[in-house]
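> Sequence:
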Amino acid sequence: MERNLHSVLGVNRFASQDTLKQAFRAGILRCHPDHNPRDPEAAERTRALVEAYQKLRDEKAIAAQRREARYSPVICSPDTACPQWLSRCVALVLFFALSVGLFYFSYATINNRRQVFRPMVNVVSLNAMDAFGDDNYYAKTDRAQVQTAGIQRQFGD
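Residue numbers (our numbering): 74 to 230.
Treat the hints as calculated values from the structure; they're not laboratory data.
Glycine residues also receive a C-beta, built at the ideal position from the N, C-alpha and C atoms.
There's no promise every hint is true.
[Stated by the list, open to error] Pairwise CB distance ranges (calculated):
| no. | residue 1 | residue 2 | range |
| --- | --- | --- | --- |
| 1 | A170 | E124 | 11 to 21 angstroms |
| 2 | Y180 | A137 | 52 to 62 angstroms |
| 3 | S89 | Y177 | 51 to 61 angstroms |
| 4 | F168 | K133 | 29 to 39 angstroms |
| 5 | A99 | N77 | 15 to 25 angstroms |
| 6 | E132 | V166 | 29 to 39 angstroms |
| 7 | K128 | L175 | 51 to 61 angstroms |
| 8 | D112 | F87 | 26 to 36 angstroms |
| 9 | N77 | L175 | 51 to 61 angstroms |
| 10 | T92 | S172 | 50 to 60 angstroms |
| 11 | R86 | V123 | 55 to 65 angstroms |
| 12 | R120 | L159 | 31 to 41 angstroms |
| 13 | A137 | S89 | 48 to 58 angstroms |
| 14 | D112 | S160 | 15 to 25 angstroms |
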């Protein structure tokens, strides 16, 4: 897989020709084999810099690279491996999700009952007047039955 030419030079993909030239010169000074005689990878990095700069000087090559990058996005790169702990976590999450789903499906199949919403019975329903302790509220209702949210409640003495 070919690396992104702009990332080899360390510039933005919309960089001008002057910026490319400056980045190339700085990169050559930084990793040339004559400046780094003890680094065995210096020659390889220098070759990559020269190749990237030569390709990016040509406007047609730049247009081709942008067109290729637009229509072929890289989702998973073979150069970068997924960490082992991440793949194990994903495997565990999938295992538990599938297990719970299978359990629920088998439970629903065996019982063959539809889950229906059933209203709660004997639930204490507080309204704003109960919370603030307004005694006039009870006087206004004349201690009659008050229907609150479909549940009938009678005020006691």
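> Confirm or reject each hint.
Structure-based check of all given hints:
{"no.": "1", "hint": "A170 - E124: 11 to 21 angstroms", "result": "47 angstroms, violated"}
{"no.": "2", "hint": "Y180 - A137: 52 to 62 angstroms", "result": "57 angstroms, holds"}
{"no.": "3", "hint": "S89 - Y177: 51 to 61 angstroms", "result": "59 angstroms, holds"}
{"no.": "4", "hint": "F168 - K133: 29 to 39 angstroms", "result": "51 angstroms, violated"}
{"no.": "5", "hint": "A99 - N77: 15 to 25 angstroms", "result": "18 angstroms, holds"}
{"no.": "6", "hint": "E132 - V166: 29 to 39 angstroms", "result": "48 angstroms, violated"}
{"no.": "7", "hint": "K128 - L175: 51 to 61 angstroms", "result": "53 angstroms, holds"}
{"no.": "8", "hint": "D112 - F87: 26 to 36 angstroms", "result": "31 angstroms, holds"}
{"no.": "9", "hint": "N77 - L175: 51 to 61 angstroms", "result": "44 angstroms, violated"}
{"no.": "10", "hint": "T92 - S172: 50 to 60 angstroms", "result": "55 angstroms, holds"}
{"no.": "11", "hint": "R86 - V123: 55 to 65 angstroms", "result": "19 angstroms, violated"}
{"no.": "12", "hint": "R120 - L159: 31 to 41 angstroms", "result": "34 angstroms, holds"}
{"no.": "13", "hint": "A137 - S89: 48 to 58 angstroms", "result": "19 angstroms, violated"}
{"no.": "14", "hint": "D112 - S160: 15 to 25 angstroms", "result": "34 angstroms, violated"}
Hints 1, 4, 6, 9, 11, 13 and 14 from the list above are not met by this structure, while the remaining hints are.
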